[in-house]
Structure formats: C-alpha cells, structure tokens
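Visitor: Respectively, the protein sequence lines represent chains A and B. If you're matching positions, the first sequence starts at 0 in numbering that gives the first Met the number 0 and goes up one per residue. If you're matching positions, the second sequence starts at 0 in numbering that gives the first Met the number 0 and goes up one per residue.
One or more of the hints may lead you astray.
Stated by the list, open to error - DSSO-like cross-link-like pairs, simulated, lysine-lysine; straight-line CA separation at most 27 Å:
{"no.": "1", "chain 1": "A", "residue 1": "K161", "chain 2": "A", "residue 2": "K186"}
{"no.": "2", "chain 1": "A", "residue 1": "K292", "chain 2": "A", "residue 2": "K221"}
{"no.": "3", "chain 1": "A", "residue 1": "K79", "chain 2": "B", "residue 2": "K63"}
{"no.": "4", "chain 1": "A", "residue 1": "K221", "chain 2": "A", "residue 2": "K250"}
{"no.": "5", "chain 1": "A", "residue 1": "K250", "chain 2": "A", "residue 2": "K292"}
{"no.": "6", "chain 1": "A", "residue 1": "K120", "chain 2": "A", "residue 2": "K365"}
{"no.": "7", "chain 1": "A", "residue 1": "K292", "chain 2": "B", "residue 2": "K170"}
{"no.": "8", "chain 1": "A", "residue 1": "K296", "chain 2": "B", "residue 2": "K120"}
{"no.": "9", "chain 1": "B", "residue 1": "K120", "chain 2": "A", "residue 2": "K299"}
{"no.": "10", "chain 1": "A", "residue 1": "K250", "chain 2": "A", "residue 2": "K161"}
{"no.": "11", "chain 1": "A", "residue 1": "K299", "chain 2": "A", "residue 2": "K333"}
{"no.": "12", "chain 1": "A", "residue 1": "K299", "chain 2": "B", "residue 2": "K172"}
{"no.": "13", "chain 1": "A", "residue 1": "K299", "chain 2": "A", "residue 2": "K79"}
{"no.": "14", "chain 1": "A", "residue 1": "K161", "chain 2": "A", "residue 2": "K86"}
{"no.": "15", "chain 1": "A", "residue 1": "K345", "chain 2": "A", "residue 2": "K365"}
{"no.": "16", "chain 1": "B", "residue 1": "K63", "chain 2": "A", "residue 2": "K365"}
{"no.": "17", "chain 1": "B", "residue 1": "K120", "chain 2": "A", "residue 2": "K86"}
{"no.": "18", "chain 1": "A", "residue 1": "K250", "chain 2": "A", "residue 2": "K296"}
{"no.": "19", "chain 1": "A", "residue 1": "K161", "chain 2": "A", "residue 2": "K79"}
{"no.": "20", "chain 1": "A", "residue 1": "K161", "chain 2": "A", "residue 2": "K120"}
{"no.": "21", "chain 1": "A", "residue 1": "K161", "chain 2": "A", "residue 2": "K378"}
{"no.": "22", "chain 1": "B", "residue 1": "K172", "chain 2": "A", "residue 2": "K296"}
Rather than coming from a laboratory, the hints here were simulated on the basis of the structure.
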Amino acid sequence: MKLLKSLAASASALAMLASAASAEISGGVVKIGVLTDLSATYSDIAGEGAAVAAQMAVDEFGGKVAGAPIEIVVADHQNKADIAANKAREWGDTEGVDAFAELVTTSVAMAVFEVAKQQNKLALVSGAASSPLTNDACIPTGLHWTYNTRALAVGTGSAIVKEGGDSWYFLTADYAFGEALQNDVSKVVEAAGGKVVGAAKHPFPASDFSSFILQAQASGAKIIGLANAGADTVNAIKAAHEFGVVAAGQKIAGLLVFLPNVKSIGQEVAQGLQMTVSFYWDMDDETRAWSQKFYEKTGKMPTGVQAGTYSSVLHYLKAIEATGSDDTDTVLAKMREMPVQDMFAKNGVLRTDGRMVHDMYLAEVKAPSESTGEWDILKILRTIPGEEAFGPLSESTCPTK
Amino acid sequence: MLTDLLGFPPQVLFGQLLLGLINGAFYAVLSLGLAVIFGLLNIVNFAHGALYMLGAFATLGLTKWLGIGYWGALIFAPIIVGIFGIVLERLLLRRLAGVDHLYGLLLTFGLALVIEGTFVKLFGSSGMPYSAPAELSGGVNLGFMFLPWYRGWVVVAALIACGATWFLFEKTKIGAYLRAGTENPRLLQAFGVNVPLLTTLAYGYGVALAAFAGVLAAPITQVNPLMGSNLIIVVFAVVVIGGMGSIMGAVVTGLAMGVIEGLTKVFWPEASSTVIFVVMAIVLVLRPAGLFGKTA
C-alpha cells in the first residue's frame, strides 16, 4: 500500500513536471505546417527540399523545444491559392498547427495571409517574392524571410543600368508576382536615369517564348528584363539565344533565377548571366557545411528559398525556446527582439512590417571552363547590404508597421 | 495597309505568322495522334501530353546512356515510346472497350498524372537542357526576322509526318482496314481481319506520333516532366475544333490555331492562352461536330 502510494505520488509529480515544462505550449506540441509546391513548376526551388530544410532546423533542436516535441507536417498546394487556403484553415482549425512555412507563389502567400490573420498564426514566407507582402498586403503575423522583388530589382537592375543598360523591355508573367517584379525594377531603372520602353505580359506558365522575344527585339531596347521565374525564365532565355537576340547585341536580364534553372538552361548558354541571390551554398564554411548535409539528404544543393525556410523555422523555434511559449504574440515579439543569426543570415533584423532584413548578393554564372564541379555554378560579385536591398522601414506602406 | 491600320509594321506580322506556323506544326502532329487514337479506339487519350514528354525524355536518355544522337532519336524514341503505348493498350485500355468514353478519359488522365508525377520525382521539375544538332544550329536572316534553322526543320519534319500518316490511312491497304475498323469493327472482324491487333497498332502509332513531337520539342524547350501538361489542353481544343477523328481536320486546324495564337500574342498577349478556347466555343455552337467532322 505504501509502495503504491509513493508510486502514485511520484507519477503525479512526474506528470506535473512534464506539464509544467510545456504548460505554455498549446496542445503540448509545436506543429509547423510546410505548405509548398511539391508537384509543379516551383517544386525544385522550394518543394520537398524546403520540407527537408525545415526538418533540419527541427533536428538541430533535437526534435524538442521548451520541453515539447516539434512536429513538421507537409502539404502540396500545387501553386493554387484556394487549395493553400483550405489546407491552412484545416491545419489551423483542427490539427493545431502553430505556424505556416515556405508558401511559394505570391497568390498562395496572400491567401494564407488571410487565414493566418483570422487565426492569429504566424506565416513564415520564404518562396513567394512579391514586395507587396510587406507593404500594402502585409498582416501583423506575416513574415517575409528570404528575398523580395525590390531586393532583386536593386541587385540586378541597378548593376545592369550601371553597365550602360539604360533602356528596358519587359517580358512579364501575367500574375501578381510578375507585376510586382516589373514595377520594382522599373522604379530602380528610372531612378538610375534609364527608361522602360515597353512590356509584354505572357500567360503563366507559357511554353513558347519565340513570339514575345521577337516583340522584345522589335522594341530596340538594350535590355530584355524577364519578370518571371522557373521554367518561364528558362524557356525565354533559350528562345532569346535561338533567335539570335543575344548575338545581335541585346542583353537578357534574368530577374529571378535559381540554381536549378541555371542547370536546365545549361551553363554554356547561361554563362555571364547576372542574378541577385539571397544565398549560395559556397559562400563560407557554415554555408558549405549546412549545404553538404542538405545534399546528403536530397542529392541537390539548396536554393535560397530552401535555406531561407530553414532559417525562418530555426528562428521561430529559438524564440519559443527563449520564451517557453508558443503564443503567437509572445513568440513574434521575441523573434523581432533577437537578431537572426544562422548560416543563412548574419545579424538579420525582423522589422515590424514583417520584412526580415539581411544581406543579399549579386552573383554571376561562371563559364563552364571556370567551374570545378557540377554545383560550382556561381561567383559572388558583390554583397548588397540589407538596408540597400530592402529599403528603410519608412518606405514600407504596410498600414500596421 | 491593314497592318498599318493596326499599328504594327509588316515585319512584325510576318514574323509572328511564321512563328505561329511553327507552333501549329506541333499542334498538328499531336492532334493527329489524338485523332488516330480516337478514330479507332474511341478513347479520348488524356495521356497524350505525358507520352509527348516521354518522347523528349527518351531522346535525352538515348543520347546520355547509349550515345545515340538527335537523328537516331528521331527514329528510335517514337519506337520505344510506341512500344510502351502498345503495352498500355494491351494491359489497360483494352479492358475498357465497349464501356462509356468517360472511363477511358479517366484512365488515361490518371496515367498521365502517374507518369508525370514519377518523372517529377525522378528528375525534378526544372527540366534538363538538350541542344539542337550541330547541323541545325544557327539560322538565316529573312529580312523580317531571324529564322533559326532548327525551327524551320520542325515545320518540315512535322509536315512529313502528317503527310506520311495521311498516305498510310488513305492510300494503303492497312489504312483501308483501319478506316473500315472505325466504321464497323464487327463486320471487319467477320471478314477475317484481326481487329484487336489493328487497334493495338493504331494506338501504338498515335503514341509514336506524340513521341515524335516530343523529340522535335526537346531542343526548343527544356526537357521537363511537365512539358506535356501545359500543351495537352490546347491540343484537345484543336482536335475538338477540327472534328474528333478527322485526320485532315487535325492537321489543318493545328496549323491554323498556331497562326491565330501567334497573332493574338502580338495584339493582346494576355489573351493568347485563351483565344483557342474562344474559337472552340464558337465552333461548338455553330458546328458541333467540328469543322471537318462528320455528324455523329
């Protein structure tokens, strides 16, 4: 009897200890929903790799934060806003998901923002690029981590104008992202004294670019700016080479290009192409070590979107660890207070408009003769300080900043 | 005059007409394959886009693993994918003979998703490069535009394929059997013709045409698991406009739709992905059997 009593007492003491450890963790588990494109055009730049990257952040915590287990759930939104919104709502309402991560494609991010706002949950955007996400379309709990169209414009746009590329014609993907990118680059070009002579909006996705390339050629602009991404960018660049546009002296500016895209264009054709990146695997010992681990899991080197997903999830977990709570407002306050410090961002700052400000890089595709390996693709030309890339907070039009 | 009125210099218009014809060549070869399959099997082959993609991947694989270049792939890739099609027909599609069209549509649509999903898993969604053969690199300046030799070759090759198919169906004994099989398979069987074998071969041929288009496309777009899914819906619209099962209709409509789409890209680029469906809707209202179709 005595034995039984002491057993019961110690059991309840243990139970109390356990519940004290995760008293502030809702549902006793920290659940992060990675909502990404697993099957369509952006699945190489985000996709499964982003889920792996998120899991790597969890593994760094040993699978537990503030005494509670961490769980990652993954779903495919197929780049469709309605699917994404439904999944996010279901996760938040019935499965106790605490934060949404990755969210490639602007329309998806905006749809999930709506859900996150209603449910007061964090949306850690990595893949979507449009700058309105931290301007007119911002929400208090929406965090934009990896890059945005403004940073891409500042990096690639101004570098090209500086080299004399002062007249531009855009080929623009006909949806929110393409428009945001074209607007941001136009501003940079015009501010630097260049002019925009025209633009053609093409359907997203489009497989044949010959017609648009010919229109760009007829415009006589020095630079053909590609305000699109993924397969669209690849096909446009290939068509430009095929139709002799490049040989005739016009230059192509790929405004959002990722490592897998360079590989599918082929380095021979892509060499010399300048691009703005948030991350490259071969920058320092830390990035190399992390990327090597990623490579072992996926067989590919990470993209900026994947590395950014890792960084956003890691920072989120650090804030939970520091506060012992997964309450959205508490965690968000802590995330803003702590500098973002990991292999992706050095002294990154999370602003009140949701923008995570960190350094960006202007890079150039190496000639095949310069490359020493399959993934030795880029050389970094310049570091773009965070403030220059993303602009000051005063510039943000976010109403809740 | 007209071009001046519309505010576009004639050079731009000529260029776009030519490009439209090149894209139309793809539509023609793909819709031709669909027409052949529908004519004989009464199956709406939604796997056509995936099989077109397999043609491009076969080209890549032949070069990478067997050292067979573009010209060899032009022959072997359609054969390999055609055999794959024959296996599909024998194992799966055959079982749907005599049931509602909808089942064939669902099965082939499912097959397309499985094939494409497998390739995304294996090769990623970004695609891989494939260069045009050295003989066809470069191009010629036509005055109003620069025409890459390869694009010119695509039109020639597509027209040869269409012409050969027409000859096969209209002028040979096998073609006569095939046409008879479309009209009345039971009677044909009664005359001692092996109709099931005929259907299998017809499906294999239709699939081989899709793969042929895939080989032609490989150097133009990147070889990408999703390259077919972007194209297939448009090609279906082309077949509907031309009239299901009509060979001549598929070819002529394919080329015409390419041109209409090309012109839309100049005047109203945003609408270029929808214009073919607008034409389809109009045709369906005025001539439900399609421009070249016989009323069912």
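Visitor: Work down the list of hints and note, for each, if the structure agrees.
Guide: The hints, checked one at a time:
{"no.": "1", "hint": "A:K161 x A:K186", "verdict": "14 Å, holds"}
{"no.": "2", "hint": "A:K292 x A:K221", "verdict": "42 Å, violated"}
{"no.": "3", "hint": "A:K79 x B:K63", "verdict": "35 Å, violated"}
{"no.": "4", "hint": "A:K221 x A:K250", "verdict": "6 Å, holds"}
{"no.": "5", "hint": "A:K250 x A:K292", "verdict": "37 Å, violated"}
{"no.": "6", "hint": "A:K120 x A:K365", "verdict": "42 Å, violated"}
{"no.": "7", "hint": "A:K292 x B:K170", "verdict": "63 Å, violated"}
{"no.": "8", "hint": "A:K296 x B:K120", "verdict": "14 Å, holds"}
{"no.": "9", "hint": "B:K120 x A:K299", "verdict": "13 Å, holds"}
{"no.": "10", "hint": "A:K250 x A:K161", "verdict": "14 Å, holds"}
{"no.": "11", "hint": "A:K299 x A:K333", "verdict": "33 Å, violated"}
{"no.": "12", "hint": "A:K299 x B:K172", "verdict": "54 Å, violated"}
{"no.": "13", "hint": "A:K299 x A:K79", "verdict": "26 Å, holds"}
{"no.": "14", "hint": "A:K161 x A:K86", "verdict": "45 Å, violated"}
{"no.": "15", "hint": "A:K345 x A:K365", "verdict": "26 Å, holds"}
{"no.": "16", "hint": "B:K63 x A:K365", "verdict": "24 Å, holds"}
{"no.": "17", "hint": "B:K120 x A:K86", "verdict": "22 Å, holds"}
{"no.": "18", "hint": "A:K250 x A:K296", "verdict": "38 Å, violated"}
{"no.": "19", "hint": "A:K161 x A:K79", "verdict": "38 Å, violated"}
{"no.": "20", "hint": "A:K161 x A:K120", "verdict": "42 Å, violated"}
{"no.": "21", "hint": "A:K161 x A:K378", "verdict": "19 Å, holds"}
{"no.": "22", "hint": "B:K172 x A:K296", "verdict": "57 Å, violated"}
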